[in-house]
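Student: Here's the letter readout for the chains.
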Amino acid sequence: MKEKTINFLKIAVRWVLFFAIFAMIFTYCSDMVRRQDDEVDAIYGFYGEEENTIDALFMGSSPYLRGISPNTMEANGFTSYVRASALQPPSVTYHLLAESLEYQSPELVVLFPDNIFTEYDYVEREGDLRRALDGMKISSHKIKAVSVITEADERQSMLSYLFPLFRYHDRWKEVEWGVTEPEPLPVISETDGNVPLPDTAPQEYPENFMEDMGEALPELDAESAYYFAKIIDLCAENDIEVLLLHLPKMSWSYAQSEAIANFAEEMGIDYLDMDVEEIRNQLNLDPQVDYYDQGHMNTTGSIKISEWLGEYLTSAYQLHEK
Amino acid sequence: MSFTSVEFIIFLILVMMVYFLTPKRYRWVALFVANYVFYYFAGGGYFLYLILTTLSIYGATMVLDQMIGQNKRAFAQVKDELDREQKKLWKANFTKKKKKVLLAAVLFNFGILAVLKYSGFVGSNINAVFSGLSLGISVPTYDFLLPLGISFYTFQSIGYLIDVYREKQVPERNLAKVALFLSFFPQMVQGPISRFSQLAEQLYRPNAFSYDRAKFGVQLMVWGAFKKLVIADRARVIVDAIFGFPETFTGTYVAVGALVYCVQLYGDFSGGIDIATGAAQILGIDLEKNFERPYLATSIPDFWRRWHITLGAWFRDYVFYPLSLSKFSTKMGKKARKVFGNYVGKLFPVLIPQFIIFFLIGVWHGAEWKYIAFGFYNGTLIVLGILLEQPLSQLADKLGIKRQCFSWHLWQILRTLALVAVGKIITRAAGIGQSVSMLKSMVESWDTSILFGDGLLQFGLDVQDMWVLTIAILVLLAVSIMQETGISIRTTLAKQNILFRWVIYLIAIFTLFIFGVYGLEYDASDFIYRGF
Numbered sequence: 021m022k023e024k025t026i027n028f029l030k031i032a033v034r035w036v037l038f039f040a041i042f043a044m045i046f047t048y049c050s051d052m053v054r055r056q057d058d059e060v061d062a063i064y065g066f067y068g069e070e071e072n073t074i075d076a077l078f079m080g081s082s083p084y085l086r087g088i089s090p091n092t093m094e095a096n097g098f099t100s101y102v103r104a105s106a107l108q109p110p111s112v113t114y115h116l117l118a119e120s121l122e123y124q125s126p127e128l129v130v131l132f133p134d135n136i137f138t139e140y141d142y143v144e145r146e147g148d149l150r151r152a153l154d155g156m157k158i159s160s161h162k163i164k165a166v167s168v169i170t171e172a173d174e175r176q177s178m179l180s181y182l183f184p185l186f187r188y189h190d191r192w193k194e195v196e197w198g199v200t201e202p203e204p205l206p207v208i209s210e211t212d213g214n215v216p217l218p219d220t221a222p223q224e225y226p227e228n229f230m231e232d233m234g235e236a237l238p239e240l241d242a243e244s245a246y247y248f249a250k251i252i253d254l255c256a257e258n259d260i261e262v263l264l265l266h267l268p269k270m271s272w273s274y275a276q277s278e279a280i281a282n283f284a285e286e287m288g289i290d291y292l293d294m295d296v297e298e299i300r301n302q303l304n305l306d307p308q309v310d311y312y313d314q315g316h317m318n319t320t321g322s323i324k325i326s327e328w329l330g331e332y333l334t335s336a337y338q339l340h341e342k
Numbered sequence: 169m170s171f172t173s174v175e176f177i178i179f180l181i182l183v184m185m186v187y188f189l190t191p192k193r194y195r196w197v198a199l200f201v202a203n204y205v206f207y208y209f210a211g212g213g214y215f216l217y218l219i220l221t222t223l224s225i226y227g228a229t230m231v232l233d234q235m236i237g238q239n240k241r242a243f244a245q246v247k248d249e250l251d252r253e254q255k256k257l258w259k260a261n262f263t264k265k266k267k268k269v270l271l272a273a274v275l276f277n278f279g280i281l282a283v284l285k286y287s288g289f290v291g292s293n294i295n296a297v298f299s300g301l302s303l304g305i306s307v308p309t310y311d312f313l314l315p316l317g318i319s320f321y322t323f324q325s326i327g328y329l330i331d332v333y334r335e336k337q338v339p340e341r342n343l344a345k346v347a348l349f350l351s352f353f354p355q356m357v358q359g360p361i362s363r364f365s366q367l368a369e370q371l372y373r374p375n376a377f378s379y380d381r382a383k384f385g386v387q388l389m390v391w392g393a394f395k396k397l398v399i400a401d402r403a404r405v406i407v408d409a410i411f412g413f414p415e416t417f418t419g420t421y422v423a424v425g426a427l428v429y430c431v432q433l434y435g436d437f438s439g440g441i442d443i444a445t446g447a448a449q450i451l452g453i454d455l456e457k458n459f460e461r462p463y464l465a466t467s468i469p470d471f472w473r474r475w476h477i478t479l480g481a482w483f484r485d486y487v488f489y490p491l492s493l494s495k496f497s498t499k500m501g502k503k504a505r506k507v508f509g510n511y512v513g514k515l516f517p518v519l520i521p522q523f524i525i526f527f528l529i530g531v532w533h534g535a536e537w538k539y540i541a542f543g544f545y546n547g548t549l550i551v552l553g554i555l556l557e558q559p560l561s562q563l564a565d566k567l568g569i570k571r572q573c574f575s576w577h578l579w580q581i582l583r584t585l586a587l588v589a590v591g592k593i594i595t596r597a598a599g600i601g602q603s604v605s606m607l608k609s610m611v612e613s614w615d616t617s618i619l620f621g622d623g624l625l626q627f628g629l630d631v632q633d634m635w636v637l638t639i640a641i642l643v644l645l646a647v648s649i650m651q652e653t654g655i656s657i658r659t660t661l662a663k664q665n666i667l668f669r670w671v672i673y674l675i676a677i678f679t680l681f682i683f684g685v686y687g688l689e690y691d692a693s694d695f696i697y698r699g700f
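First to last, the protein sequences are chains A and B. For the first sequence, the numbering used here assigns the number 21 to the initial residue and increments by one for each residue that follows. For the second sequence, the numbering used here assigns the number 169 to the initial residue and increments by one for each residue that follows.
It should be emphasised that the hints constitute simulated quantities derived from the structure, not laboratory data. By construction, the Cβ of each residue, glycine as well, lies at the ideal position given by its N, Cα and C atoms. The reader is advised that the hints may include incorrect statements.
[Said to hold, decoys possible] Label pairs and their computed distance ranges (CB to CB):
#, chain 1, residue 1, chain 2, residue 2, range
1, A, D58, B, F413, 40 to 46 Å
2, B, G628, A, Q314, 35 to 41 Å
3, B, W670, A, Y246, 45 to 51 Å
4, B, G628, A, D219, 48 to 54 Å
[Said to hold, decoys possible] Derived DSS-like pairs: lysine-lysine, alpha-carbon spacing no greater than 27 Å straight-line:
#, chain 1, residue 1, chain 2, residue 2
5, B, K383, A, K30
6, B, K663, A, K24
7, B, K383, A, K24
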């Protein structure tokens, strides 16, 4: 019996040691083949923030990632973080927010509403989905987020999202093994999740921009609206205020804005449209200088809207620095 | 649920846990349930055919068992009163009665297989004939989806039935145990085709967990996955390109395609078998060997003794022997002696059954003319091999060619490989016409310069992938040579220091993870022999 126990223990110790070495090599290989992407870094950098120090969380798609500068807004006396990525579907936003609340207890969640009209194409948007999820640590929230994707796209596997080596293993050819050091995800995002775009592409407002042309209001996508409602419920449960915030972009209409305003009213939350003429005038944006493209601010535009937004949020929500 | 999927690994771990935690008495029941769960998930719920086969085989073996018992008792009572001739007659009459039961069950089960696998092919050919004769009529054709493993479990069940008929095997009286024997999950995808005498007892007994066995099983599964994911699925890119664009890839490219297809098919099929064997080994069950380094064979008969061994053995035991030992065959042999002389006449009872079984092996692969052509090709090679063996060895003696040396052995291996590769062109090409034109172009436009420079980089694999494929094939070759010389890799590895073993394990695992061909665009369930 004693000998049996010793043998069992020997085997157990060997297995533990073997798996420890295995895990080290696995992590090394994963870091080596991982796609280098500043959006992924920004999502992951959130974990470097001291717990319960963020006052406002910005959740959603690339216009936030590029246009919201928490560092600029910090001058107004509150801290914020942008957990946004290109074309982030509301389902991922919901689970990403749920996970974020495990680390932080913000007073305000600012949501990007423009996606609410679109049925998300999980099959075509793998790259965007991975930008959001590769930067997320393994958790029950991540598993739930991936489940939504794998249910919508049977080609995708849960494992490849949880362990990116299984997705990016084919990149072994592009990696200089033994020459380049592996680049683990950065633990801290110095820009608090903001990834500015320095280039400029002069824009012009379309004709009748944001004017009431009597158009019918666009319909909300059912799945997107469902997740928006879940996000709002989640925030209510955690005593967090929610603001739907539309950032300036050229391809926006009065009807879209009205549809979101109606949705916000129905849900009992606030809505702010930065393309409304009154705010546009206050922002003092120059379409020739402040845009990266039709839908994204560049660095100067980002600073302008963040300065304005910092003041607005401080006055509207009495955010207090933690 | 493919063998190379995570789902299968999770399933196997669960089965292992449930099996070894179940009280010994009921372990076979746990295995039985696991088989049907696997079949449900892997086979798309095609239970009906498997159940029909199980019930019909169980029913037939029970009837045979009862007949055999009654016959034994009746014979025991009269045996002393019968002379030799009467005893012979008694036996013959009883065999006739048994044969009726056997034939009914064989026809029923092969009937299912034939309808599902061949009716579409037969129907479309009949319609082609009708249309050629402008008869204006047609028969309805159906293309059925083949239930998982139907070719394998049908052959396994018929083998068991024949063994019972021949009174070599006492039938199992428990229906669930028969169902277990016919549905053992590692075998369901692509075999091997097991014998009742070899497998059943292992399934029914309560196997105890053995750490060493489990370790060996996992090692074999990793090796199988290496052959499938690193070699076969990488080689597939080349094969698909060459056979997919036969007008572009002509001449020497055809030879490259044929050889790489040999590698792909072996990696795919034997890799799958290794995974199945390893999975069974973890549960304490040894499956029959299905491969023995076929590309080191020195002749076509030797190749078929090493390739898909259990199918060849099935045809040998249940088709070849009855045919070659039949009265008809003996009569034909006598006639052949008169017509062709003693040498051919003596071989005649062997030649015809050999030709028939290789024709059948060809047809077993699928319902297409190319498989029939493949059967004829192999049958012809076997017959010519037998007929020419003596004259050729006499010629070699006269020419003073040494036959007990490495160079001759190597020549035999390369010659066999070339003949096998031609057979692979027949089965891989889109049809007989395409394979003929590819073979023709190989002869007419031979150009070895394509083997150098960028010639081999036209198929979709880049330099790095070509290197991985080349090194992996060399590893496979080295392992095969070591095994051929009697070295057991796993036993040798087990004797090494722990550090060395771990390095090998980690290299193996990460080779799979990094160099394996898998992911989004890859269909992991796509084992070639699964389709047969």
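Student: Under the constraints set out in the numbered hints, which ones does this structure not fulfil?
Tutor: 4
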